[in-house]
Amino acid sequence: MNINIPPKPQKNSLKILRNIVISIGLAVLYVWTFATIEVPWGRIFSERTLINIDRVIPKLFSPDFTFASKVMDYMMETLFIAFAGSFMAAILAVPFGFLAASNINSNPVFNTIGKWILNADRTFPEILLALIFVVAIGPGAFAGVLAIAIHSVGMLGKLYSEVIESIDMNVVEAMEANGANKIQIFFYGIIPQVIPEFMSYAIYRFEIDVRASTILGIIGAGGIGTLLVISSRNRNWDEVGMILLVIIVFVSIIDYISSAIRKRIV
Amino acid sequence: MSKPLNPTGRVPTSLVSGRTKLKMNVIMVIVLAFYIFSSYMTNASVLRFDQAFFTNVWNMVIQLFPPNWAYASIVWEKLLETLKMALVATTIAGILCIPFSLLAANNIVQNKFLYNFIKMFLNIMRTIPELILAVVFVGLFGIGIFPGILALIIFSLGILAKLISETVESIDMNPLEAIRASGGNTIQVIWYAVVPQVLPQFVSFTLYVFEINVRASVVLGFVGAGGIGLILRQQLNFLSYQNVSTIIVITFVVVVVIDYISNKLRRELV
Amino acid sequence: MIELKDLSLVYPNGTQGLKDVNVKINDGEFVVIVGLSGAGKSTFIRSINRLVTPTSGDLLIDNENILDYRGKDLRNLRTKVGMIFQNYNLVKRSTVMKNVISGRLGHTGTLKSILNLYSKEDMALAYESLKRVNIENKIYSRADQLSGGQQQRVSIARVLTQQPKVVLADEPVASLDPPTSHQVMKYLKKINQEDNITTIVNLHFIDMAMEYADRIIGMRAGEIVFDGPASEVNEQTFEEIYGRPIKEDDIRGGKEDVETP
Ligand SMILES: Nc1ncnc2c1ncn2[C@@H]1O[C@H](COP(=O)(O)OP(=O)(O)OP(=O)(O)O)[C@@H](O)[C@H]1O
Ligand SMILES: [Mg+2]
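Chains as they are written, first to last, in my numbering: chain A, 1 to 266; chain B, 1 to 270; chain C, 1 to 261.
Hints may contain errors.
Residues of chain B clear of chain A, computed beta-carbon distances all greater than 12 angstroms [claimed, not checked]:
(1) Ser17
(2) Leu22
(3) Ser38
(4) Tyr71
(5) Leu102
(6) Phe113
(7) Asn116
(8) Ala134
(9) Glu177
DEER-style ranges, computed between Cβ atoms [stated by the list, open to error]:
(10) Gln63(B) x Asn107(A): 30 to 36 angstroms
(11) Gly42(A) x Ala70(B): 30 to 36 angstroms
(12) Trp58(B) x Ile16(A): 39 to 45 angstroms
(13) Leu114(B) x Gly42(A): 55 to 61 angstroms
(14) Val31(B) x Gln193(A): 18 to 24 angstroms
Everything labelled a hint here was simulated from the structure, so no lab data went into it.
Note that the Cβ used here is the ideal one computed from N, Cα and C, for glycine as well.
When you get a sec, could you build the whole thing from the sequences and use the hints?
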């Protein structure tokens, strides 16, 4: 058989160049990363690690149930932190949401500022905020609540503003035509349209915040993380196992309940 | 002359039915009560926002300025380490997630037990935050970037495998049948009919997980798992606030730039 | 030769897909299967390449019972039996060439196929197959940029690349307009005649069945209720197969357009 298959059509040369540059760039990036990353392999694959693993893993999987009630106390504190933080954020995010919604706030300057504040806020990890508060006002759950509240405003504000931007503006127009004032329009025209979604997002955020609150104690901002640090420092791995088990169970249950409620609301 | 609108004399007293109103009020009271209880239990009531609170926070904030730019070179070095951790972890998670996302797709795996088992395994993996994993791994392997990378891998594997298995579940099954009908084996079916359909989303989700890993790796150092968090916590404990603000500003800018680039790439992909 | 002996198939939910089917199909025949929706046409066709597995009876291809084939044997069987689908079943995001070359998968090692290491002969064969259905100028287009008729021609090319002895086509024209339908049927008929490939086609349309078939098999409720040469068939035969008068929907009509590759 002797058939000439037509050659692949040449893509335009700019595209080829771009692809070559990207491929080389990626290759260099990877080689450099893996060549310069400093992992002490010798120590990691040492006998000590093996002994460690041998000692630790079985204990992790046989949690210390005598420790359970203490863990539960701290897990409850974690839930309180998450709830107080999410609640505050759910309220605080409302003004920010309206500020960032372009159909309500038609001033482009304030609008952009609102969006920027929310974006910046979301980039700031809650654990970093918590650390700053711990230093500023001392350790304790209050620092955790503040961190959760402030960080959550970023995401909730953005989601709220998207909800507000998608409302039916005809209703607002009709009320304006009826001679309603701004506050009346707000309470009768806008709020009823956005409340279910706002609530659903707030619950979703609570779900995330429960998970986030479990780590706060690691840096002294309250909750179950406090115990985790102590137990792992003391190498009480059966206690660590108990803590992990409680986190897994609580987080799973709350995720389940939360998504069930959200399904009913919207 | 207008006659009375409502001859029977019964005037509605409310705009919504009594039951709805009652339900709403009950829910509101419960939520509010739980909030008050929570803030009491966490010592975080609104009463705490007093003069002293604002003075303390303000005192700290003013000490953050101006950033100490002489410290920037150290920041860069540690930040690079952080990014390398995120890159390595994302890459490994990206590779490892392939078998998991296939096994967690109900259109690929017919065995209900295996499918549910993998799904449950991934769900559990996602419930544990990476910082908690990092604490455990630091206990196992000692301080350093290795436990940090391991924590990132496990956490992002859970997210990635979930997202990609959902993509796999939504693909067009017809080409799979065609490849099978022309005599392809399982691997060929996956490579020729599944991979082309999920590749763009795979790249997009991997980039997304890279963003998440960058953010997460910034704080891993708080527990001794490598990266910039280590010096951040250290400088805070030394009360060198101007170094702290240098770290925060540089990290913030880098994270925003990475997010921006990644978002742009992802939008082009899908 | 394909031989079905007392072949029955009961789906796991209890539906009887095939019921005591006895048929012999000779090499090179062009058989059209007709019947109402749910009559078991797809089940019949899909039994032959074992996309479904009959639950009792024998199915012989060249005197070998294929019903207990598994793994390698099964894949071998499938390389010899090409299949064309109603929805073309192309990988939409892949190029035409990649779709067509996938007809060689059964003949290619796993590693080679993953690395796209096809022999020159395979590549030439794929290209030749595209030429035979006049779609070679779309070789590097993405499949989703093609019209339905073009996609179906690509899927015929994929089957040709497989060099099968049998071609199965499950309602290959149901998603196409009348002129394109005739074009696709003409290509199927052409390869049937030129390569002496046994061809079994499911069709809804009685006029197309009569025009292209050598032999027509009528099915109802999983059973064969008619089997005879196309020349002996008329509208009344169809009314008997369908168990109802012929409707307008049963006729495709139309004529083939001037070739527009
Ligand atoms: N996977 C399956 N599981 C259970 N029952 C099935 C399955 N596939 C087909 N059936 C049933 O078997 C019978 C025959 O189906 P088949 O698909 O072979 O019919 P068909 O003649 O091809 O119909 P159509 O013209 O609608 O494609 C139908 O009653 C159908 O509902
Ligand atoms: Mg059918």
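Outcome of the hint check:
A cut-off of 12 angstroms between C-beta atoms confirms that Ser17(B) is not in contact with chain A; the least separation is 15 angstroms. Remark: the non-interface label on Leu22(B) is consistent with the geometry, its nearest Cβ contact in chain A lying 17 angstroms away (cut-off 12 angstroms). With a closest Cβ-Cβ approach of about 4 angstroms to chain A, Ser38(B) is found to fall inside the 12 angstroms limit, against its non-interface label. Residue placement check: Tyr71(B) keeps its beta carbon more than 12 angstroms from all beta carbons of chain A (closest about 17 angstroms).
The beta carbon of Leu102(B) is kept farther than 12 angstroms from every beta carbon of chain A, the shortest such distance being approximately 24 angstroms. In this structure Phe113(B) is separated from chain A by more than 12 angstroms, as the shortest Cβ-Cβ distance comes to about 20 angstroms. For Asn116(B), the non-interface assignment is confirmed: its Cβ lies about 15 angstroms from the closest Cβ of chain A, beyond the 12 angstroms cut-off. For Ala134(B), the non-interface assignment is contradicted: its Cβ lies about 9 angstroms from the closest Cβ of chain A, within the 12 angstroms cut-off.
The Cβ of Glu177(B) lies farther than 12 angstroms from every Cβ of chain A, with a closest approach of about 28 angstroms, so its non-interface assignment holds. Separation of Gln63(B) from Asn107(A) is about 34 angstroms and conforms to the stated range, judged on CB atoms against 30 to 36 angstroms. The hinted range of 30 to 36 angstroms is satisfied by Gly42(A) and Ala70(B), whose Cβ atoms lie roughly 35 angstroms apart. Between Trp58(B) and Ile16(A) the CB atoms are about 57 angstroms apart, so this pair departs from the stated range of 39 to 45 angstroms.
Under the hint 55 to 61 angstroms, the C-beta atoms of Leu114(B) and Gly42(A), about 38 angstroms apart, miss the expected range. In this structure the hint that Val31(B) and Gln193(A) lie 18 to 24 angstroms apart at CB holds, the actual value being about 21 angstroms.
When held up to the earlier numbered hints, the structure conflicts with 3, 8, 12, 13 and fits the remainder.
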